[in-house]
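Visitor: Spelled out, the chains give:
Protein chains: 2
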Amino acid sequence: MHLSRDLLAKSIQHVFKALSNNSQGILSGLYIYAGNEEVVFRGSNASLTVQYRACVTDSMIHIFREGSIVCPAKYLYEIIRKLNDGNVVLEVNEQLILSIISGNTRVSLSGLSSIDSPFITTPQYHQHSGNSIDVSSNSLKSMIKQVVGAVSTSEAKPILTGVLLEVQESLLTMIATDGVIRMAKRSIWIENGRGFSGNVVIPGINLMEIVRLLDDDEQAMVTIQLNHHEIRFIAQNQIIESVLIEGVYPSTRNLVPTTHVSEIILNIKSFRQVIDRVFVLADYHLITIHVSEKKLELRSSTAEIGDVRDELLLEDKNGANFSITINGKYLLSTLRSIESDSIRIRYAGKKSPLVLIPALEDNTWLFLLNPVMRG
Amino acid sequence: MHLSRDLLAKSIQHVFKALSNNSQGILSGLYIYAGNEEVVFRGSNASLTVQYRACVTDSMIHIFREGSIVCPAKYLYEIIRKLNDGNVVLEVNEQLILSIISGNTRVSLSGLSSIDSPFITTPQYHQHSGNSIDVSSNSLKSMIKQVVGAVSTSEAKPILTGVLLEVQESLLTMIATDGVIRMAKRSIWIENGRGFSGNVVIPGINLMEIVRLLDDDEQAMVTIQLNHHEIRFIAQNQIIESVLIEGVYPSTRNLVPTTHVSEIILNIKSFRQVIDRVFVLADYHLITIHVSEKKLELRSSTAEIGDVRDELLLEDKNGANFSITINGKYLLSTLRSIESDSIRIRYAGKKSPLVLIPALEDNTWLFLLNPVMRG
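Residue numbers (the UniProt record's numbering), protein chains in the order written: chain V, 1 to 375; chain R, 1 to 375.
Calculated from the structure, these hints are not laboratory results.
No experiment lies behind these values; they were computed from the predicted model shown.
Hints are supplied without guarantee of correctness; some may be wrong.
Just so you know, same-sequence chains aren't split out, so a pair can sit in one copy or run between any two.
Simulated pairs of lysine-lysine, BS3-like, Cα-Cα distance not exceeding 25 Å [unchecked claim]:
1) K351 x K10
2) K351 x K145
3) K317 x K145
4) K350 x K145
5) K295 x K82
6) K329 x K269
7) K10 x K317
8) K294 x K145
9) K329 x K351
10) K294 x K157
11) K350 x K10
12) K10 x K294
13) K350 x K74
14) K295 x K145
15) K82 x K269
16) K317 x K157
17) K269 x K17
18) K294 x K17
19) K10 x K269
20) K74 x K317
21) K17 x K145
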């Protein structure tokens with residue numbers, strides 16, 4: 001087949017980068033299939049599969065004969081990236097050698113033994129099966145970014161390295177917690193809920209990759225298909241499939257305090273800046289927060305080096321003054337994942353987690369951050 | 001003293017980055033001196049010292065009292081970087097605590113025990129002593145970039161990890177070689193030669209840092225002072241001092257072949273692109289070059305994976321056709337360090353190094369690249 005270097009490089013890069021970033025096994029072979037109307041590029045590791053599709057009708061591709069091959073991914077990626085701009089000819093011969101011809105450059109790459117039964121885009125993937133929902137690509141990316149930072153990085157409880165995705169008729173919720181200090185939750189309404197409920201746990205590391213893979217296009221939609229052993233994200237020109245984490249996700253309903261002693265509203269950007277500053281001298285990442293009257297004071301110190309004090313005006317406050325010591329690293333990463341301007345923080349006592357919710361009455365996200373007990 | 005956060009951050013970053021990049025020991029303390037007319041920032045590791053100066057007359061600095069302190073460099077750097085824009089007040093008290101005050105932010109940093117006799121900019125450094133030369137900052141940076149890639153990375157012969165800097169009246173020359181495969185040489189004429197000759201060997205790793213530290217300003221000049229145990233680069237607002245490598249640098253005069261069998265002229269950019277491409281499949285970095293008639297063909301292969309062939313038109317050729325196998329990695333790094341458009345390559349036989357010189361008659365730089373013997 002003939003196609004442009006740019007399209008070829010873009011397609012291969014899309015698949016290659018997703019799978020070579022991922023620590024869960026190495027991508028060795030990249031599968032290329034030239035059909036009647038499309039070229040499909042596909043790669044997978046033990047945990048994630050990415051299939052990218054270039055349509056003959058959308059692009060300058062000429063396919064002379066149907067065919068497929070699996071090539072050494074890293075070499076293919078490197079060589080395509082370095083070709084001059086212009087047209088590229090790909091040919092597979094009977095000895096399973098891929099020839100790449102572009103200008104004066106002639107490359108031969110040996111094919112690998114074929115991947116077993118690769119999935120190819122076929123019309124039924126786009127049909128609405130019972131266990132599927134449609135969400136906008138941007139909402140999905142925003143949800144993932146908000147919760148994924150709260151997953152556990154320890155393999156001690158594998159289930160907590162995943163994000164719980166819950167569909168309840170028209171409500172889609174994602175929850176992540178490290179089981180000790182942090183919990184993050186975000187919900188959105190699905191417009192075309194198909195009346196099914198279900199939940200799965202997806203490896204956090206795969207969701208981070210999916211954020212990178214999905215388009216930024218405002219209009220783009222993604223179909224999420226839940227199956228027993230995997231989840232599929234089907235977009236305009238790609239299908240991403242992730243394994244699931246087996247097991248029962250712990251209930252998080254009782255973690256959220258039902259009452260509070262005090263409540264403050266803050267500008268997120270200013271709050272982030274002062275935390276960033278006091279964090280520099282925060283031994284063990286500990287930052288102490290004092291709320292009094294209309295201001296919030298932060299303190300940190302490092303033994304034998306020094307200390308920092310900073311303060312911030314509150315946008316609003318209801319309830320008593322309070323002091324609490326928290327892990328500044330987790331607070332910073334939580335604040336970085338919030339897209340709003342302001343935040344509402346509820347204090348429910350020395351041993352209760354801080355509750356971080358939107359400043360406006362709009363209960364779509366919620367973070368819990370447990371205090372650190374000192375002494 | 002009072003000064004702007006930007007100036008403070010810039011000064012501290014300048015000193016901090018130079019010394020924390022460098023693998024030769026860690027920068028622990030950063031020295032700050034506030035004099036009558038200047039603030040001096042200084043840091044050093046075992047091998048390199050950087051002193052940066054901010055003048056009271058050039059900037060908005062108010063010094064209330066002369067004083068100095070040595071602070072934990074990393075913490076100082078991090079905290080200053082994160083302050084809000086605006087004015088910063090620095091104060092040292094009798095307990096050797098540095099207070100940093102900026103808006104609502106108050107930082108205390110403990111001073112370290114003082115560095116022994118730090119050097120401060122004093123007028124005599126700018127006087128012309130016998131063993132000094134003046135060169136433009138840009139020429140110096142260009143020279144260093146061309147030769148420094150050829151130094152040895154092995155500590156087996158420490159002298160070869162350095163660059164030979166040779167002053168012969170009005171000619172300044174730098175030479176580097178790994179003693180096996182590569183040699184690089186660059187000369188420039190010094191306008192104000194002061195009639196002295198001398199040579200020193202400077203650690204390559206320090207020269208790489210000096211390239212980053214020196215201004216890009218077209219007009220900027222640098223005074224190079226040679227002493228017995230160190231070399232100093234004195235610029236407008238900084239002094240950089242490097243240790244020297246002891247020992248006798250091996251003679252490189254007999255390495256350059258005096259005759260040649262064939263000579264070709266090539267466009268450097270196109271040559272680099274084809275090498276970049278064939279390099280992807282070059283086992284052990286080996287690339288074979290065939291020169292025939294008016295073209296140059298390149299080949300590489302990786303066992304069991306595949307091979308690449310590419311070709312390039314020559315701009316000119318005199319002499320016989322030839323074939324040679326070279327290390328593509330070294331050829332690429334050599335070509336990347338050359339600023340010209342074209343290059344002249346001389347072939348003097350299967351066992352002689354390739355000679356790379358300017359295409360135009362202008363003998364200011366020269367590279368040698370030994371062929372790789374196969375079989």
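Visitor: Compare the structure with each hint and give your call.
Guide: Going through the hints against the structure:
In the homo-oligomer, the alpha carbons of K351 and K10 never lie at most 25 Å apart, since the shortest distance is 51 Å inside one protomer and 43 Å across protomers. For the homomeric pair K351 and K145, neither the shortest alpha-carbon distance inside one copy (28 Å) nor that between copies (59 Å) is at most 25 Å. Taking identical chains as interchangeable, the C-alpha atoms of K317 and K145 are never at most 25 Å apart, the minima being 29 Å within one chain and 59 Å between chains. In the homo-oligomer, the alpha carbons of K350 and K145 never lie at most 25 Å apart, since the shortest distance is 29 Å inside one protomer and 59 Å across protomers.
Within a single copy, K295 and K82 get their C-alpha atoms only as close as 57 Å, which misses the 25 Å cut-off; across copies the closest is 21 Å, which meets it. For the identical chains of this complex, K329 and K269 are intra-copy neighbours only, at 16 Å inside a copy versus 47 Å across copies, given an alpha-carbon limit of 25 Å. For the identical chains of this complex, K10 and K317 are neighbours neither inside a copy (51 Å) nor across copies (39 Å), given an alpha-carbon limit of 25 Å. In this homomeric assembly, K294 and K145 never come within 25 Å of each other (Cα to Cα): the closest approach is 31 Å inside a single copy and 57 Å across copies.
Taking the shortest Cα distances, K329 and K351 sit within 25 Å of each other inside one copy (19 Å), while across copies they are farther apart (60 Å). In this assembly of identical chains, K294 and K157 lie within 25 Å of each other by CA distance neither inside one copy nor across copies; the values are 42 Å within and 66 Å between. In the homo-oligomer, the alpha carbons of K350 and K10 never lie at most 25 Å apart, since the shortest distance is 53 Å inside one protomer and 42 Å across protomers. Proximity of K10 and K294 under a CA criterion of 25 Å is satisfied in neither setting, with 53 Å inside one chain copy and 35 Å between copies.
In this homomeric assembly, K350 and K74 never come within 25 Å of each other (Cα to Cα): the closest approach is 53 Å inside a single copy and 34 Å across copies. In the homo-oligomer, the alpha carbons of K295 and K145 never lie at most 25 Å apart, since the shortest distance is 30 Å inside one protomer and 54 Å across protomers. In this assembly of identical chains, the alpha carbons of K82 and K269 lie at most 25 Å apart only when taken from different copies (13 Å versus 42 Å within one copy). Proximity of K317 to K157 under the C-alpha cut-off of 25 Å is found in neither arrangement, the shortest distances being 38 Å within a copy and 69 Å between copies.
Taking the closest pair of Cα atoms, K269 and K17 never come within 25 Å of each other, the shortest separation being 32 Å inside a single copy and 28 Å across copies. For the homomeric pair K294 and K17, neither the shortest alpha-carbon distance inside one copy (48 Å) nor that between copies (40 Å) is at most 25 Å. Taking the shortest alpha-carbon separations for K10 and K269, only the inter-copy value of 24 Å comes in at or below 25 Å, while the best intra-copy value is 35 Å. Proximity of K74 to K317 under the C-alpha cut-off of 25 Å is found in neither arrangement, the shortest distances being 56 Å within a copy and 37 Å between copies.
In this assembly of identical chains, the alpha carbons of K17 and K145 lie at most 25 Å apart only when taken from the same copy (19 Å versus 32 Å across copies).
Figure legend: structure checked against the earlier numbered hints; hints not met, in rising order: 1, 2, 3, 4, 7, 8, 10, 11, 12, 13, 14, 16, 17, 18 and 20.
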